[in-house]
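Read top to bottom, the protein sequences are chains A and B.
Residue numbers for the first sequence, in my numbering: 7 to 129.
Residue numbers for the second sequence, in my numbering: 598 to 888.
There may be inaccurate statements among the hints.
[Said to hold, decoys possible] Stretch-level coverage of chain A by chain B, calculated; a stretch enters the list once three of its residues show a Cβ under 8 Å from a Cβ in chain B: (1) 54-65; (2) 88-94; (3) 99-108.
If you're looking for bench data, these hints aren't it; they were derived computationally from the structure.
Because the structure is a prediction, the values reported are computed rather than measured.
All residues carry an ideal CB built from backbone N, CA and C; glycine is no exception.
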Amino acid sequence: MKKSVPLTVAVLASATATGAVPAASLAATKTTKYTGASETYKYGKMSVTITVAKKKMTAISVSYDPTDPRSSQIDQAALPTLWKEALKAQGWDVHSVSGASFTSGAFRQSLYSAMGHADLLKK
Amino acid sequence: MTTFPVRGRSSSQTPLQPAPSGFLPTTRHGLRHVEHVMGMPVMFDICDLDVGISALRDATEWLHWVDATFSTYRSGSEISRLNRGELTAADLHPEVTAVLARCAQLRSETDGFFDVEAPYRPGGRGPQAGRGGPESVEPSGLVKGWAVAGVVRILRDAGAVNFMVNASGDIYAAGHPDGAPAWRVGIQHPRMASEVALTLGLRDGAIATSGTQARGQHIADPFSDRSPSGLLSVTITGPDIATADAYATAAVAMGAQRAAGWCARLEGYEAALICEDDSVLTTPGLAELRI
Numbered sequence: 007m008k009k010s011v012p013l014t015v016a017v018l019a020s021a022t023a024t025g026a027v028p029a030a031s032l033a034a035t036k037t038t039k040y041t042g043a044s045e046t047y048k049y050g051k052m053s054v055t056i057t058v059a060k061k062k063m064t065a066i067s068v069s070y071d072p073t074d075p076r077s078s079q080i081d082q083a084a085l086p087t088l089w090k091e092a093l094k095a096q097g098w099d100v101h102s103v104s105g106a107s108f109t110s111g112a113f114r115q116s117l118y119s120a121m122g123h124a125d126l127l128k129k
Numbered sequence: 598m599t600t601f602p603v604r605g606r607s608s609s610q611t612p613l614q615p616a617p618s619g620f621l622p623t624t625r626h627g628l629r630h631v632e633h634v635m636g637m638p639v640m641f642d643i644c645d646l647d648v649g650i651s652a653l654r655d656a657t658e659w660l661h662w663v664d665a666t667f668s669t670y671r672s673g674s675e676i677s678r679l680n681r682g683e684l685t686a687a688d689l690h691p692e693v694t695a696v697l698a699r700c701a702q703l704r705s706e707t708d709g710f711f712d713v714e715a716p717y718r719p720g721g722r723g724p725q726a727g728r729g730g731p732e733s734v735e736p737s738g739l740v741k742g743w744a745v746a747g748v749v750r751i752l753r754d755a756g757a758v759n760f761m762v763n764a765s766g767d768i769y770a771a772g773h774p775d776g777a778p779a780w781r782v783g784i785q786h787p788r789m790a791s792e793v794a795l796t797l798g799l800r801d802g803a804i805a806t807s808g809t810q811a812r813g814q815h816i817a818d819p820f821s822d823r824s825p826s827g828l829l830s831v832t833i834t835g836p837d838i839a840t841a842d843a844y845a846t847a848a849v850a851m852g853a854q855r856a857a858g859w860c861a862r863l864e865g866y867e868a869a870l871i872c873e874d875d876s877v878l879t880t881p882g883l884a885e886l887r888i
């Protein structure tokens with residue numbers, strides 16, 4: 007069995023049951039977000055965004071950069087019960103995004119890139 | 598304190614990109630962790646203060662056990678041994694038996710479009726090295742969701758109430774994050790970088806998305822052997838992440854026309870289909886989840 011993962015990101019927040027960071031201290035801390043390079047994976051592109059406070063990563067998230075300009079019409083005569091609307095990009099504020107699967111390789115590369123922007127990589 | 602085992606290239610030469618501003622904080626106190634298993638990152642976001650790190654350890658050990666037991670990339674896994682004829686049905690671990698039984702059920706529920714043997718196709722990309730032949734069992738399409746469902750059970754047994762697990766784009770969201778009544782989960786916009794097409798509020802539910810971007814080789818109609826058409830992505834939400842994932846995969850394989858009719862008849866699960874003509878079809882129940 008492959009060795010179980012060196013944790014790319016161990017426990018991101020500093021918090022365990024015994025080591026919680028007081029809310030007040032974090033509330034006063036400036037946080038900055040950094041997005042890593044867009045990485046190609048099997049189904050498109052993805053990139054990792056990290057949130058940094060006091061030189062520590064406090065959150066990590068993934069967004070997708072799909073690249074498929076195909077377009078075609080479908081016959082929708084047989085769609086009586088579904089609601090139909092035009093696809094549009096929303097203004098968004100979300101906790102996470104559901105999308106096509108991406109690999110650890112793409113995730114790691116984009117994460118390193120974001121960490122580079124945040125100056126978190128070991129010199 | 599946390600240290601980051603950073604290796605690999607420095608990306609200082611990459612131009613700085615502005616971060617999308619859309620990701621909300623989820624918790625200031627909880628446990629966050631990324632486990633790489635089955636070739637994908639599984640992200641944990643546990644908001645409950647009283648959930649210890651042992652729960653996380655149990656969950657990650659389970660994921661690695663699932664990988665070792667089910668992976669068709671590992672020659673020693675039960676699935677690989679089964680496909681080589683070294684194991685019979687009677688030798689299988691009960692979890693393996695349960696997964697294969699659920700695959701058979703799902704094949705029936707999806708009118709044959711979720712097919713554990715479908716990935717093997719003479720004209721397709723072909724089996725990966727180490728995989729079996731055309732008669733092989735390939736339950737990977739269910740195993741990822743099954744693994745995450747197990748994680749959800751483990752975390753709940755450990756007392757977790759408010760948490761989110763994101764397995765490479767398929768998500769289970771329990772309770773709510775700090776400061777919000779539900780988890781806000783975006784459905785990836787299939788054409789535009791860093792945009793979402795819909796936003797749903799989830800509490801104690803799963804959401805899974807399958808796409809067709811560059812994915813024709815990956816999901817094929819098991820009957821015609823061709824890439825499905827008319828759909829950019831299908832998102833399914835409902836109580837069980839393994840079922841949602843399998844339904845999404847099957848619906849993509851169906852193509853737009855058939856998937857629309859099939860999704861409209863689902864019970865307990867809601868669907869959003871994003872079509873190649875830039876229309877979005879949603880089941881009426883999905884509207885109640887939109888925020």
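- Query: Are three or more residues of the region 54-65 of chain A within 8 Å, CB to CB, of chain B?
  - Reply: That given contact holds, which follows from 6 residues of the region 54-65 of chain A lying within Cβ reach (below 8 Å) of chain B.
- Given coverage of the region 99-108 of chain A by chain B, tested with a Cβ cutoff of 8 Å and a minimum of 3 residues: Coverage by chain B holds for the region 99-108 of chain A (10 residues, Cβ < 8 Å).
- Item | 8 Å C-beta test of the region 88-94 of chain A against chain B, three or more residues | Holds, because 7 residues of the region 88-94 of chain A bring their Cβ atoms closer than 8 Å to Cβ atoms of chain B.
Hint violations for this structure: none, all hints satisfied.
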